[in-house]
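Residue numbers (my numbering), protein chains in the order written: chain A, 1 to 754; chain B, 1 to 225; chain C, 1 to 85; chain D, 1 to 85.
In case anyone wonders, no lab produced these hints; they're calculated from the structure.
Please read all numbers here as calculations on a predicted model, not as lab measurements.
Among the hints, erroneous ones may be present.
Listing some non-contacts, in silico: residues in chain C with all C-beta distances to chain A over 12 Å [stated by the list, open to error]:
no.: 1; residue: V8
no.: 2; residue: L10
no.: 3; residue: I14
no.: 4; residue: D16
no.: 5; residue: A21
no.: 6; residue: R42
no.: 7; residue: G49
no.: 8; residue: R60
no.: 9; residue: I72
no.: 10; residue: F75
no.: 11; residue: R78
Derived lysine-lysine pairs resembling DSS-like cross-links, with alpha carbons at most 27 Å apart [stated by the list, open to error]:
no.: 12; chain 1: B; residue 1: K36; chain 2: A; residue 2: K350
no.: 13; chain 1: C; residue 1: K41; chain 2: D; residue 2: K11
no.: 14; chain 1: A; residue 1: K25; chain 2: A; residue 2: K427
Idealized CB from N, CA, C, for every residue including glycine.
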Amino acid sequence: MSLDTVKNALEHPGVEQPFAELGLKPDEYTRIREILGRRPTSSELAMYSVMWSEHCSYKSSKVHLRQFGDKMPENDAMLVGIGENAGVVDVGQGYAVTFKVESHNHPSYVEPYQGAATGIGGIVRDILAMGARPVAVMDPLRFGAAEHPDTRRVLPGVVAGIGGYGNCLGLPNIGGEIVFDPCYQGNPLVNALCVGVMKHEDIHLAQASGAGNLVILYGARTGGDGIGGVSVLASETFTENDGGGSGPAKRPAVQVGDPFQEKLLIECTLELFREHLVAGIQDLGGAGLSCATSELASAGSGGMRVELDTVPLRDHTLSPEEILMSESQERMCAIVEPAHVARFMEICDKWDVIATVVGEVTEGDRLEIFWHGEQIVDVPPRTVAHEGPVYERPYARPQWQDTLQADAAERLPRPGTAEELKATLLKVVASPNLADKSWVTAQYDKYVLGNTVLAQPEDSGMVRIDEESGLGVALATDGNGRFCKLDPYTGAQLALAEAYRNVATTGAKPLAVTDCLNFGSPEDPAVMWQFAETTRGLADACQILGTPVTGGNVSFYNQTGETAIHPTPVVGVLGVIDDVERRTPIGFAEEGQIILLLGDTHEELSGSAWAQVAHDHLGGLPPKVDLERERLLAEILIAGSRDGMIDAAHDLADGGLAQALVEACLTGGNGARVVLAEDLDPTVALFSESAGRAIVAVPRSEELRFSDMCKVRGLPCARIGVVDGDTLDFQGHFTVALDEVRAAHEGTLKGLFG
Amino acid sequence: MTIRVGVVTFPGSLDDRDAQRAVRIAGAEPVALWHKDKNLQQVDAVVLPGGFSYGDYLRCGAISRFSPVMESVIEQAQAGLPVLGICNGFQILCESHLLPGALTRNDHLHFICRDQKLRIENVSSAWTSDFAPGQEITVPLKNIDGGFVADERTLDMLEAEGRVVARYLDVNPNGSRRDIAGISNAAGNVVGLMPHPEHAVEPLTGPTTEGLPFFTSILKRLVNA
Amino acid sequence: MARVVVDVMLKPEILDPQGQAVQRALPRLGFDGITDVRQGKRFELELEGPVDEAALARIREAAESFLANTVIEDFVVRVETEEEK
Amino acid sequence: MARVVVDVMLKPEILDPQGQAVQRALPRLGFDGITDVRQGKRFELELEGPVDEAALARIREAAESFLANTVIEDFVVRVETEEEK
Ligand SMILES: Nc1ncnc2c1ncn2[C@@H]1O[C@H](COP(=O)(O)OP(=O)(O)O)[C@@H](O)[C@H]1O
Ligand SMILES: [Mg+2]
């Protein structure tokens with residue numbers, strides 16, 4: 001194909017262009033022609049098509065995501081909000097923290113190892129681009145049924161990829177989720193979260209300003225990988241058998257990561273920041289150079305001119321369109337004042353990182369790209385990056401919602417005898433979703449950097465950020481697709497409430513939120529309704545809890561044929577703790593301590609793990625949410641930690657009280673004697689998933705002080721038992737040896753994947 | 001007199017700052033050494049930290065072994081400079097032939113991060129003199145290429161000369177021959193160790209603080225020297 | 001007993017960080033004139049029976065479905081000649 | 001331009017967990033009759049100049065000192081025939 005220049009586009013306006021193959025709708029193509037006043041060149045078409053894809057433009061979600069801004073709670077901590085690579089939050093002592101969760105779902109299904117690995121790579125670069133040193137990662141994952149043969153292909157690959165990349169980068173993995181459900185069979189969810197730390201003055205933004213400043217591309221060479229990755233792998237054209245990708249030519253849609261290169265990129269970039277050599281910066285992720293150049297130029301004050309033929313290539317046969325779309329990993333783009341270029345290059349050289357001046361910031365307001373002297377792109381950058389199409393997709397509550405909600409799990413048969421109750425408990429704690437996850441988490445380095453205070457299986461991951469003062473941050477991610485399926489509004493709030501509670505349980509004060517919204521096709525009104533309800537629920541809850549959404553990601557088209565995954569918002573909450581010495585772990589480590597149950601237990605079994613494990617049932621209404629109660633519970637847990645009253649605490653969620661006690665006992669290495677509430681059916685007492693609850697272990701000397709505090713503040717607090725022995729003894733019901741529980745709980749994943 | 005302990009940073013080193021912290025907590029002064037620089041800045045001892053130097057591409061430690069800094073480390077180690085290689089550092093020492101044997105893929109083929117129980121078998125090396133003979137400790141272990149292998153003759157020699165510095169207890173986490181977790185050279189100044197004592201020096205961030213004697217041993221020896 | 005070799009290499013267009021690392025290191029070690037390095041895997045399979053077309057077909061199938069990840073890798077199956085052994 | 005291949009395999013007496021894992025998996029996938037599997041590395045080197053004895057000697061040296069760890073690995077250097085390419 002000959003070079004399609006701007007001149008050519010003017011001279012040959014009638015050329016037919018493959019906009020549909022690139023995923024553009026006829027009216028979108030028409031709009032591009034109107035913007036440019038001519039037909040786009042093939043390079044321009046490539047840029048618009050990737051940048052206007054759902055993945056990059058948020059065209060279906062934008063109108064809903066706006067609520068996160070509109071309903072944003074007053075929060076002094078927020079330094080940078082939605083719209084940048086990641087939000088930034090003030091955590092005191094001059095420190096700022098940036099964090100974000102993103103999806104790499106489709107690529108991880110096609111090629112689990114590399115898909116997951118590059119998912120980590122991408123989110124780490126987002127955090128780095130804010131000016132921060134990445135300090136930890138987390139990996140919320142969803143797979144198909146645990147016993148399904150394809151899960152045996154996908155899960156070990158994904159886990160090895162996350163470990164292979166993250167371990168090699170030297171970032172501790174401090175938490176995540178592993179959930180199995182048949183709804184994710186053809187659509188596993190691989191979400192990745194990264195958190196980074198910087199001083200306030202180190203915040204960097206993605207903008208190109210100052211005419212004459214240079215555009216420097218640095219990191220890996222550009223190859224043919226991932227071309228069409230955005231448009232193929234993250235778009236509606238994705239189908240189950242589309243492994244090879246259907247991008248242009250026979251370029252692979254799969255990207256291969258090089259964590260070693262990324263590690264150099266991190267150290268190199270941090271040194272560039274330290275010497276104040278960077279005026280603006282953007283990572284290269286989805287849509288590669290198209291995205292980085294147009295976003296930098298769009299957010300800046302001037303225009304930009306790029307000489308595309310200067311881009312260092314791994315494959316010299318690449319066309320300019322392909323170079324613009326390539327998603328080769330481990331690349332960054334910086335805006336640098338001319339006076340700093342020499343030093344910039346020196347530092348890159350020190351780290352063996354290839355750096356090339358590929359363009360400059362111009363006076364005008366156009367993004368102009370040249371190929372061997374000929375102009376191939378001449379566009380207003382905003383129209384590419386920030387003023388893409390916006391859809392108000394139709395949405396409607398699905399017809400089946402009422403039927404589903406009417407089919408409550410509270411009516412299902414319950415275990416009748418003590419023996420049955422015991423068997424049920426063992427079955428629940430051994431079920432893949434509730435079983436011990438060490439088989440996975442042992443493949444992740446949690447120690448590197450030497451600041452990990454809490455990691456798996458604790459309620460939240462916690463890292464120290466200042467060795468002198470002990471200042472630290474805690475993070476938890478949660479999302480329950482089953483609850484969301486039953487009621488997306490409430491389900492989203494439950495996800496937030498749980499992550500918020502997890503952070504507070506470890507003693508940290510919840511500050512801010514990131515979210516990854518994993519859904520089916522936005523073209524399905526039922527899915528769009530789930531999405532609308534989810535965003536509304538999340539925004540409302542964030543407002544009440546005072547924790548703003550600082551950024552996140554939307555992943556649509558997670559569906560096979562007509563069947564969408566459960567709506568699955570994954571919510572990450574970041575908290576701060578003044579002194580990590582004060583953290584509260586989950587394990588019952590001290591015999592003789594008193595176990596207290598905080599909060600109210602209702603008959604709420606619909607959507608629960610019990611309903612799934614015992615009856616393979618999903619129906620009814622999810623547990624009720626009481627955000628004021630969540631707030632109060634959090635305040636008590638934080639106060640208890642701060643004042644040294646509690647030695648262990650564990651939030652109640654999936655699997656209810658039974659699961660929480662089992663985890664606290666196994667982790668701490670001690671049994672417990674427990675009295676179940678008389679006024680509750682034992683199945684409800686053990687397995688209800690009512691929100692707003694936690695168990696705590698307090699030394700006898702602190703019991704009164706702690707329960708008085710609860711009473712004064714109006715938080716229900718019941719003494720349910722004592723840490724003791726090597727059995728779990730539910731008095732009057734059944735006793736089970738800790739060893740038996742341990743074998744059940746720890747054997748499952750090893751048996752399935754080991 | 002402050003003891004100065006160099007910690008080398010190779011491209012892809014990860015636990016270099018952790019090793020520096022451990023050195024500091026032990027009461028010595030950490031000195032950052034750079035792989036491209038032959039100058040060891042007159043340090044009293046050197047730690048080759050964990051990580052994935054050069055991405056562990058080709059073989060762990062294979063590329064780092066040829067770095068400028070290793071020229072000096074090899075030369076001075078042969079002359080008695082105490083050198084501790086942790087994990088990737090152990091691999092580099094084997095590739096450099098300062099230590100015999102090699103480290104190969106874990107027998108279960110996975111990366112493994114766990115709190116590992118060890119027995120200190122030799123308390124006469126430069127890096128283990130602060131342990132009690134036969135002391136049992138628990139420190140983190142994390143690697144994917146941690147299986148120590150050598151031919152039978154070499155293994156017998158290591159045993160006979162008391163050069164097995166630490167052995168895995170309870171579980172052999174990677175298929176290491178004879179449960180070997182660490183070895184020393186004949187002179188006892190060069191030690192390679194697969195587990196990570198630098199991650200067990202603070203109660204807050206480690207499973208124990210039982211890794212600390214590796215770093216205090218060197219002080220005692222140097223101060224007494 | 002016969003030996004069949006399966007060579008698995010990353011497809012040419014896929015990034016090969018290992019090969020690149022080796023290539024960058026070679027000149028530093030004084031080995032010049034090597035313009036490209038790709039690193040792959042070599043499997044040596046010992047067969048019980050004769051290495052006939054049927055056996056090779058099965059091995060090709062194993063390579064396709066298991067030994068190679070054909071999303072990113074190509075493979076070649078060949079019978080090892082005595083001399084190579 | 002010519003291609004030289006360096007095959008690196010673990011010595012027979014060294015345990016090869018990767019090969020063993022493959023061997024154990026094959027029957028489960030329905031591939032029987034394979035009595036032993038060893039997994040090694042294959043390097044493909046592209047040379048600038050001619051592949052003469054001098055060039056091969058240099059590559060053998062690179063293999064000896066760098067591409068293989070001769071404590072545990074053996075290697076073979078060979079010029080790739082056109083047909084194999
Ligand atoms: N679900 C969401 N909640 C909040 N913010 C979101 C969400 N999805 C996307 N965003 C925000 O929209 C902006 C654009 O996202 P994206 O294009 O994914 O950024 P990047 O290219 O850096 O990954 C980012 O600031 C991101 O945080
Ligand atoms: Mg970004």
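* To do: Please confirm whether R78(C) is truly not at the interface, meaning its C-beta sits more than 12 Å away from all C-beta atoms of chain A.
  => holds, 25 Å
* Holds or violated: are the alpha carbons of K25(A) and K427(A) at most 27 Å from each other? -> Violated, at roughly 50 Å.
* Assertion that F75(C) lies outside the chain A interface [Cβ separation over 12 Å] -> holds, 16 Å
* Regarding the assertion that R60(C) does not contact chain A, is the least Cβ-Cβ distance greater than 12 Å? -> holds, 19 Å
* Are all C-beta atoms of chain A more than 12 Å from that of A21(C)? -> Given a closest Cβ separation of 7 Å, the condition is violated.
* Is the hinted pair K41(C) and K11(D) satisfied, with a Cα-Cα distance of at most 27 Å? -> Status holds; Cα separation ~16 Å.
* To do: Would you check whether the claim that V8(C) is not at the interface survives, using Cβ distances to chain A and the 12 Å cut-off?
  => holds, 14 Å
* Over 12 Å to the closest beta carbon of chain A is the bar; see if G49(C) clears it. => For G49(C), whose nearest Cβ neighbour in chain A is about 29 Å away, the distance exceeds 12 Å, so it holds.
* Find the nearest Cβ of chain A to the Cβ of D16(C) and say whether that gap is larger than 12 Å. => Contrary to the label, D16(C) does not stay out of reach of chain A, its closest Cβ about 8 Å off (not over 12 Å).
* **Minimum Cβ-Cβ distance from L10(C) to chain A exceeds 12 Å** => violated, 8 Å
* Asked: Beyond 12 Å from chain A, beta-carbon-wise, is R42(C)?
  -> holds, 20 Å
* To do: Report holds if the minimum CB distance from I72(C) to chain A is greater than 12 Å, and violated otherwise.
  => violated, 6 Å
Against the hints set out earlier in the document, violations occur for numbers 2, 3, 4, 5, 9 and 14.
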